[in-house]
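Chains A and B are the protein sequences, given in the same order.
Oh and the first sequence: position 113 is 113 in the numbering used here, straight run, nothing missing.
For the numbering used here, count along the second sequence from 1 and bump the result up by 162.
Certain hints may be false.
Straight-line distance between alpha carbons at most 20 Å, and here's what the computed DMTMM-like set of lysine to aspartate or glutamate pairs gives [what the hints assert, rightly or not]:
hint: 1; chain 1: A; residue 1: 32; chain 2: B; residue 2: 401
hint: 2; chain 1: B; residue 1: 405; chain 2: B; residue 2: 388
hint: 3; chain 1: B; residue 1: 239; chain 2: B; residue 2: 198
hint: 4; chain 1: B; residue 1: 405; chain 2: A; residue 2: 18
hint: 5; chain 1: A; residue 1: 50; chain 2: A; residue 2: 78
hint: 6; chain 1: B; residue 1: 405; chain 2: A; residue 2: 27
hint: 7; chain 1: A; residue 1: 32; chain 2: B; residue 2: 198
hint: 8; chain 1: A; residue 1: 32; chain 2: A; residue 2: 55
hint: 9; chain 1: B; residue 1: 331; chain 2: B; residue 2: 349
hint: 10; chain 1: A; residue 1: 45; chain 2: A; residue 2: 21
hint: 11; chain 1: B; residue 1: 248; chain 2: B; residue 2: 192
hint: 12; chain 1: B; residue 1: 399; chain 2: A; residue 2: 21
hint: 13; chain 1: B; residue 1: 331; chain 2: B; residue 2: 436
hint: 14; chain 1: A; residue 1: 32; chain 2: B; residue 2: 267
hint: 15; chain 1: B; residue 1: 418; chain 2: A; residue 2: 21
hint: 16; chain 1: B; residue 1: 306; chain 2: B; residue 2: 267
hint: 17; chain 1: A; residue 1: 45; chain 2: A; residue 2: 18
hint: 18; chain 1: A; residue 1: 104; chain 2: A; residue 2: 78
hint: 19; chain 1: B; residue 1: 399; chain 2: A; residue 2: 27
hint: 20; chain 1: B; residue 1: 283; chain 2: B; residue 2: 442
hint: 21; chain 1: B; residue 1: 418; chain 2: B; residue 2: 436
hint: 22; chain 1: A; residue 1: 32; chain 2: B; residue 2: 388
hint: 23; chain 1: B; residue 1: 331; chain 2: B; residue 2: 213
hint: 24; chain 1: B; residue 1: 399; chain 2: A; residue 2: 18
hint: 25; chain 1: A; residue 1: 32; chain 2: A; residue 2: 87
hint: 26; chain 1: B; residue 1: 425; chain 2: B; residue 2: 348
hint: 27; chain 1: B; residue 1: 331; chain 2: B; residue 2: 202
hint: 28; chain 1: B; residue 1: 239; chain 2: B; residue 2: 267
hint: 29; chain 1: B; residue 1: 405; chain 2: A; residue 2: 78
The calculated label-pair distances, taken between Cβ atoms and stated as ranges, are [claimed, not checked]:
hint: 30; chain 1: B; residue 1: 440; chain 2: A; residue 2: 111; range: 26 to 36 Å
hint: 31; chain 1: B; residue 1: 240; chain 2: A; residue 2: 5; range: 46 to 56 Å
hint: 32; chain 1: B; residue 1: 225; chain 2: A; residue 2: 100; range: 48 to 58 Å
hint: 33; chain 1: B; residue 1: 321; chain 2: A; residue 2: 89; range: 36 to 46 Å
hint: 34; chain 1: B; residue 1: 445; chain 2: A; residue 2: 101; range: 37 to 47 Å
hint: 35; chain 1: A; residue 1: 105; chain 2: B; residue 2: 445; range: 35 to 45 Å
hint: 36; chain 1: A; residue 1: 121; chain 2: B; residue 2: 248; range: 28 to 38 Å
hint: 37; chain 1: B; residue 1: 353; chain 2: A; residue 2: 67; range: 58 to 68 Å
hint: 38; chain 1: B; residue 1: 322; chain 2: A; residue 2: 45; range: 43 to 53 Å
hint: 39; chain 1: A; residue 1: 101; chain 2: B; residue 2: 372; range: 49 to 59 Å
hint: 40; chain 1: B; residue 1: 445; chain 2: A; residue 2: 12; range: 36 to 46 Å
Hints listed in this document are in silico derivations from the structure and should not be mistaken for laboratory results.
Fair warning: this is a prediction, and the values are worked out from it, not measured in the lab.
The C-beta atom is built at its ideal place from N, Cα and C for all residues, glycine as well.
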Amino acid sequence: MKNPQFPIARTSGIVIQEVPEEVLVYDLDTNKAHCLNQTAALIWKACDGKRSISDIAKYVESLAGSNVSDDFVWLAIDQLNENNLLEQEISANFNGLSRRDVIKRIGLSTMIAVPVIASLVAPQSAMAATSCGCNNNLECGPTTPNSQCPANTCNGLGECRP
Amino acid sequence: MSEERLTIRCVFDREFNFDSYGVRIKIESDSQQLLDAAKETVIAAFGERTELIENKGCVASHVFGVASDGVNYFLFKDGEQVSFGKSDNLFFKFLNSSLRIVVAEHADSKVFLHAGVVGWKGSAIVIPASSFQGKSTLTAELVKIGAEYYSDEYAVLDENALVHPFPRKLSMRYFGATRRKEVSAEELGGRYGLEPIPVRMVLLTGFQKGTVWDPRVLTPGVGIMEIIPHTIPMRQKTEFSLKVLDLLARRAIIVKSARGDAKKFAKFLLAFFDNHIKLDKMT
Numbered sequence: 001m002k003n004p005q006f007p008i009a010r011t012s013g014i015v016i017q018e019v020p021e022e023v024l025v026y027d028l029d030t031n032k033a034h035c036l037n038q039t040a041a042l043i044w045k046a047c048d049g050k051r052s053i054s055d056i057a058k059y060v061e062s063l064a065g066s067n068v069s070d071d072f073v074w075l076a077i078d079q080l081n082e083n084n085l086l087e088q089e090i091s092a093n094f095n096g097l098s099r100r101d102v103i104k105r106i107g108l109s110t111m112i113a114v115p116v117i118a119s120l121v122a123p124q125s126a127m128a129a130t131s132c133g134c135n136n137n138l139e140c141g142p143t144t145p146n147s148q149c150p151a152n153t154c155n156g157l158g159e160c161r162p
Numbered sequence: 163m164s165e166e167r168l169t170i171r172c173v174f175d176r177e178f179n180f181d182s183y184g185v186r187i188k189i190e191s192d193s194q195q196l197l198d199a200a201k202e203t204v205i206a207a208f209g210e211r212t213e214l215i216e217n218k219g220c221v222a223s224h225v226f227g228v229a230s231d232g233v234n235y236f237l238f239k240d241g242e243q244v245s246f247g248k249s250d251n252l253f254f255k256f257l258n259s260s261l262r263i264v265v266a267e268h269a270d271s272k273v274f275l276h277a278g279v280v281g282w283k284g285s286a287i288v289i290p291a292s293s294f295q296g297k298s299t300l301t302a303e304l305v306k307i308g309a310e311y312y313s314d315e316y317a318v319l320d321e322n323a324l325v326h327p328f329p330r331k332l333s334m335r336y337f338g339a340t341r342r343k344e345v346s347a348e349e350l351g352g353r354y355g356l357e358p359i360p361v362r363m364v365l366l367t368g369f370q371k372g373t374v375w376d377p378r379v380l381t382p383g384v385g386i387m388e389i390i391p392h393t394i395p396m397r398q399k400t401e402f403s404l405k406v407l408d409l410l411a412r413r414a415i416i417v418k419s420a421r422g423d424a425k426k427f428a429k430f431l432l433a434f435f436d437n438h439i440k441l442d443k444m445t
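Excised from the complex, chain B in its bound form (with noise of 0.2 Å):
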């Protein structure tokens, strides 16, 4: 397998621009075939929240370029060449996931954390992971049971610590992990959260097989100690990411375990949750 790294020279001569949470992005090309299929790809990535701009020649502040060599995929970044791939799939479902951490690195008064999100009876269970940490798997056995769907990608916290929904669908993986599909919350029975809602709940959590559940409540500066590395703007944005992560630690309770199978697991889950909402009353 050469390691060498293919490298394509082109102009630019085709674009377009779109906003997302007050992030203004370029994407240019010298193909109309490959613009459309990015168009596709950052619709797919913010749906309702793709506000696309007409105005050629518009100021971004990021540029994606996309061009083709009829082998190759080659993707740039403010005018760098940061990718490319033999797979249109791939190097399209790579233009998705680096679109979305743009936005999600620079979006406007939010901070983005890498979590699953799903509402309950009008708060908000948040559950932060890397990937392969089986969040999609959890958020959708919730999902199943009545909990409304957030995001199975990032919790965007507002400047309140209210989270909003992030509109796209479950990206479930299957077949050993090794494919994934995409499904809609009505194709699990469920429905979308719509409103901002406060969190109550932070979930630190992944799936160890034979696992009992045994939570461990994490003071505030341990729990967004915790909470950190999900947290996507940590560097561009740090001292309203952590006025944000202050207020989020105030108002829910942060918990730690391990859990088994995710089905029998988030029927529990929610019933804890209440458990707490109650209590929390009560105190």
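With the rest of the complex left out, here is chain A (with noise of 0.2 Å):
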């Protein structure tokens, strides 16, 4: 289903953390942690199923104090749904531009930062990060029946894979 006109900040399903400058989201269905820059997480919040587009451009430029236009809202707008953030998909709508023209344009016009998203997925199980006692490939190969990890998921070099 969508719903260009009025965007709606997800709320299920995540843990949000705001820290100095950014917040962080950490999606609990994709075990994926989002870092949204100030000016995304703004956008993020202004989506309430309130505001249009453009009323959450004239609410980013009330509080920003600089020109904001609705391609930078959809700027953010299209990462969001990238990364499943809203409760509805929205399809960006850059008028047939790519996102780099869009960035290249809004740069030029703008005096606030560019809406970013920054994400990775937490690691499947800790013993991706640990060592597994395995000092070579010779005692730890992925297929060798003397691996020390479970399911034989050594990676030879040390360290378990997930």
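Join the two chains into one complex using the hints; note that each chain is given alone, in its own frame.
And the structure:
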């Protein structure tokens, strides 16, 4: 279902941690952590289902004291969409331009930071980052019966893979 | 080399229980000899944080089984066979590692980071890193020049983001990183840190031959993203882990750069840390 006019920030299945200047969002369904810079966080929080894209642009403009276009908001919405941080999927409307072109255009017209969301998947298992006690491939190869990792998942370099 | 997975069926009629960081674990076996070896492994893994529980049949949240058919050793976790091998040395090393992971994932009111930790003038430097990044080597060099040894494996953070010592010897690789030996802080001419202390620097680094130290101070959010892959209970205790990491990032600077030789870098790092503390006090 698409609702291009009134985006709503996702609230279920996530853990939000406000840190100075940024917001961290952890998706419990996918075990993905997202770091929203100040601008992305501001736009995300403004997605209350009552504001349109233009309303959000005006709202951010009033807080930031710098020009904010609809494209600027779409840039954030596009990333929020991609990272499943909106209740409903919204296709970004860049009028045929690529995201890179939009960033270039926005960068020249505003004083505030472009919205950025950085993401990573938390390790599937603590073992991914933990040594298994094997020191070389002979002791712990991926297919050796001597493997010391569950289900023979040693990487042969002293670590168990998930 | 066969890829066939060996299995064993056995009845465990002997057991002992222990508690570490609030996690209760039962170890069972059909052999007293294996059980004794497992007990030694537990004590090696957790040192003074091992509380052996005598009463048989007590409720444990995690159960490990150790068995042998005379040729292979078999490890079970919560009733499922998880590993096997011929080498008793590797088998008990792996048991040690598995026990530490379970405790690190489920410890009461603690967040375990895979990291080296030293104390310097009442504050901690935490060095999160995966294996083979030179974490223990750098920790050892820092201890040699006077830093207090807290851990070369886990930074144990409490709810206030104070770091506690994780009491085990340093595990040093040698012979082209193919062998390891256990070394105490005293053997390095250093001493152990005993008290929980605040973390003032998180150092994201790894050895790179010929590199120049070029530190970049990360924002708290970006820094926490870099620490998350080293945060053991991230999936089990997400909210608590993030709260503790937030507190950590508010009090400590998070610095990232590759480094060169650990011996030279250790001296430089402590001077850098002193400068940071001095500047921080001034501002």
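Verification of the hints:
1. 32(A) - 401(B): Holds, at about 13 Å.
2. 405(B) - 388(B): Cα-Cα ~15 Å, so holds.
3. 239(B) - 198(B): holds, 18 Å
4. 405(B) - 18(A): holds, 9 Å
5. 50(A) - 78(A): holds, 19 Å
6. 405(B) - 27(A): OK: residue 405(B) and residue 27(A) at ~15 Å, within 20 Å.
7. 32(A) - 198(B): violated, 41 Å
8. 32(A) - 55(A): Outside the cut-off at roughly 29 Å; violated.
9. 331(B) - 349(B): Holds, at about 10 Å.
10. 45(A) - 21(A): holds, 14 Å
11. 248(B) - 192(B): Satisfied, since the Cα-Cα distance of roughly 18 Å is no more than 20 Å.
12. 399(B) - 21(A): Violated, at about 24 Å.
13. 331(B) - 436(B): Roughly 26 Å separates the two Cα atoms, so the pair is violated.
14. 32(A) - 267(B): holds, 18 Å
15. 418(B) - 21(A): Since the Cα atoms of residue 418(B) and residue 21(A) sit roughly 19 Å apart, the hinted pair holds (cutoff 20 Å).
16. 306(B) - 267(B): violated, 31 Å
17. 45(A) - 18(A): The given pair, whose Cα atoms are some 12 Å apart, holds under the 20 Å limit.
18. 104(A) - 78(A): holds, 16 Å
19. 399(B) - 27(A): Distance of about 13 Å is within 20 Å: holds.
20. 283(B) - 442(B): With a Cα-Cα distance of about 15 Å, the restraint between residue 283(B) and residue 442(B) holds, given a limit of 20 Å.
21. 418(B) - 436(B): holds, 17 Å
22. 32(A) - 388(B): Between residue 32(A) and residue 388(B) the Cα gap is close to 13 Å, so the pair holds against 20 Å.
23. 331(B) - 213(B): Holds, because 19 Å separates the two Cα atoms, which is no more than 20 Å.
24. 399(B) - 18(A): The given pair, whose Cα atoms are some 17 Å apart, holds under the 20 Å limit.
25. 32(A) - 87(A): Within the cut-off at roughly 17 Å; holds.
26. 425(B) - 348(B): Since the Cα atoms of residue 425(B) and residue 348(B) sit roughly 18 Å apart, the hinted pair holds (cutoff 20 Å).
27. 331(B) - 202(B): holds, 15 Å
28. 239(B) - 267(B): Holds: residue 239(B) and residue 267(B) sit about 15 Å apart, inside 20 Å.
29. 405(B) - 78(A): Outside the cut-off at roughly 28 Å; violated.
30. 440(B) - 111(A): 26 to 36 Å: Once the Cβ atoms are compared, 34 Å apart, the range 26 to 36 Å for residue 111(A) and residue 440(B) holds.
31. 240(B) - 5(A): 46 to 56 Å: holds, 51 Å
32. 225(B) - 100(A): 48 to 58 Å: The hint (48 to 58 Å, Cβ to Cβ) holds, given that residue 225(B) and residue 100(A) are roughly 54 Å apart.
33. 321(B) - 89(A): 36 to 46 Å: Once the Cβ atoms are compared, 38 Å apart, the range 36 to 46 Å for residue 89(A) and residue 321(B) holds.
34. 445(B) - 101(A): 37 to 47 Å: holds, 41 Å
35. 105(A) - 445(B): 35 to 45 Å: holds, 38 Å
36. 121(A) - 248(B): 28 to 38 Å: holds, 35 Å
37. 353(B) - 67(A): 58 to 68 Å: Given about 59 Å between the Cβ atoms, the range holds.
38. 322(B) - 45(A): 43 to 53 Å: Taking Cβ atoms as reference, residue 322(B) and residue 45(A) lie about 28 Å apart, which means the hint is violated.
39. 101(A) - 372(B): 49 to 59 Å: At roughly 39 Å between Cβ atoms, residue 372(B) and residue 101(A) fall outside 49 to 59 Å, so the hint is violated.
40. 445(B) - 12(A): 36 to 46 Å: With a Cβ separation near 41 Å, residue 445(B) and residue 12(A) satisfy 36 to 46 Å, so the hint holds.
When the structure is compared with the earlier hints, violations turn up for hints 7, 8, 12, 13, 16, 29, 38, 39 and for no others.
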